[in-house]
Amino acid sequence: MRLAKYLARAGVASRRRAEDMIYAGRVAVNGVTADKPQVQVSAGDTVTVDGKAVQGPERKIYLLLNKPPGYISTAHDTHNRPTVTDLLGNIEARVYPVGRLDADTCGALMLTNDGELAHRLMHPRYEVEKVYHALVKGLPGESALEMMRRGIVIEGEKTAPAGVKLLKAIPQNNTALLEITLTEGKKRQVKKMCSAAAHPVRALKRVSFAGLKVNSLKQGAYRELEEQEISSLYRLAGLEG
Numbered sequence: 001m002r003l004a005k006y007l008a009r010a011g012v013a014s015r016r017r018a019e020d021m022i023y024a025g026r027v028a029v030n031g032v033t034a035d036k037p038q039v040q041v042s043a044g045d046t047v048t049v050d051g052k053a054v055q056g057p058e059r060k061i062y063l064l065l066n067k068p069p070g071y072i073s074t075a076h077d078t079h080n081r082p083t084v085t086d087l088l089g090n091i092e093a094r095v096y097p098v099g100r101l102d103a104d105t106c107g108a109l110m111l112t113n114d115g116e117l118a119h120r121l122m123h124p125r126y127e128v129e130k131v132y133h134a135l136v137k138g139l140p141g142e143s144a145l146e147m148m149r150r151g152i153v154i155e156g157e158k159t160a161p162a163g164v165k166l167l168k169a170i171p172q173n174n175t176a177l178l179e180i181t182l183t184e185g186k187k188r189q190v191k192k193m194c195s196a197a198a199h200p201v202r203a204l205k206r207v208s209f210a211g212l213k214v215n216s217l218k219q220g221a222y223r224e225l226e227e228q229e230i231s232s233l234y235r236l237a238g239l240e241g
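Our numbering puts the first residue of the sequence shown at 1, with every later residue one more than the last.
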């Protein structure tokens with residue numbers, strides 16, 4: 001791992017500030033003053049700043065959970081309702097959801113203890129794609145779909161343009177299945193968009209978050225992300241992988 005990244009992960013300073021500290025000659029690796037942020041740090045190396053040892057960063061954990069309905073997307077709940085972290089039986093590290101899904105919404109939810117990455121993935125600036133399948137009341141016509149694509153004014157603010165496709169019409173139940181792709185994450189946005197278009201949501205599932213798909217992952221199950229998936233997230237968030 002690059003030295004500047006190591007210092008940032010250890011909570012010493014931001015990556016840019018860590019680079020300044022290195023250039024100022026304040027950082028040493030195994031007793032040798034480092035002269036550039038690209039110096040590599042391996043397990044077992046001793047890193048010091050101003051002569052004081054730096055405790056290495058905790059192991060970063062990246063999980064994808066297929067959230068079932070009925071679970072709250074927080075680490076703890078003051079009302080003692082079940083939370084998504086209750087599903088992580090053998091994960092000892094404290095991880096946190098990246099964004100939220102409503103209690104009655106299921107699907108792809110990422111959890112991690114990498115605060116810097118999580119913050120960027122939730123920030124509108126990085127336009128992280130979130131794909132939902134929404135079962136809605138009624139059979140939306142092209143005008144309703146186009147309204148949602150262009151953006152809808154909700155509570156005085158217009159939503160960003162969205163990808164909206166009719167996947168399936170179900171006339172016998174007077175419902176339809178829509179695929180909605182967002183690059184922003186306003187609270188209950190899909191439900192509010194569909195209601196504003198006169199087609200309220202009956203059931204909602206997030207099938208993909210930042211390119212991570214639940215696919216064959218059973219509800220309530222989770223898996224650790226693969227290295228290439230983590231690298232892809234870092235590139236998406238404008239961070240060094």
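Calculated directly from the structure, the hints in this document are not laboratory data. All of these numbers come straight from a predicted model, not from anything done at the bench. Ideal placement from N, C-alpha and C gives every residue a C-beta, glycine not left out. Hints should not be assumed to be uniformly reliable.
[Stated by the list, open to error] With beta-carbon atoms standing in for the labels, derived distance ranges: (1) T48 x R149: 53 to 59 Å; (2) R59 x D104: 19 to 25 Å; (3) G151 x T33: 35 to 41 Å; (4) G141 x E184: 22 to 28 Å.
[What the hints assert, rightly or not] Straight-line distance between alpha carbons at most 25 Å, and here's what the computed PhoX-like set of lysine-lysine pairs gives: (5) K158 x K187; (6) K205 x K158; (7) K137 x K52; (8) K168 x K137; (9) K137 x K60; (10) K187 x K205; (11) K213 x K192.
Tested hints:
no.: 1; hint: T48 x R149: 53 to 59 Å; in the structure: holds, 55 Å
no.: 2; hint: R59 x D104: 19 to 25 Å; in the structure: violated, 33 Å
no.: 3; hint: G151 x T33: 35 to 41 Å; in the structure: violated, 54 Å
no.: 4; hint: G141 x E184: 22 to 28 Å; in the structure: holds, 25 Å
no.: 5; hint: K158 x K187; in the structure: holds, 13 Å
no.: 6; hint: K205 x K158; in the structure: holds, 23 Å
no.: 7; hint: K137 x K52; in the structure: violated, 62 Å
no.: 8; hint: K168 x K137; in the structure: holds, 12 Å
no.: 9; hint: K137 x K60; in the structure: violated, 42 Å
no.: 10; hint: K187 x K205; in the structure: holds, 15 Å
no.: 11; hint: K213 x K192; in the structure: holds, 24 Å
Hint compliance for this structure: hints 2, 3, 7, 9 are not met, and every other hint is.
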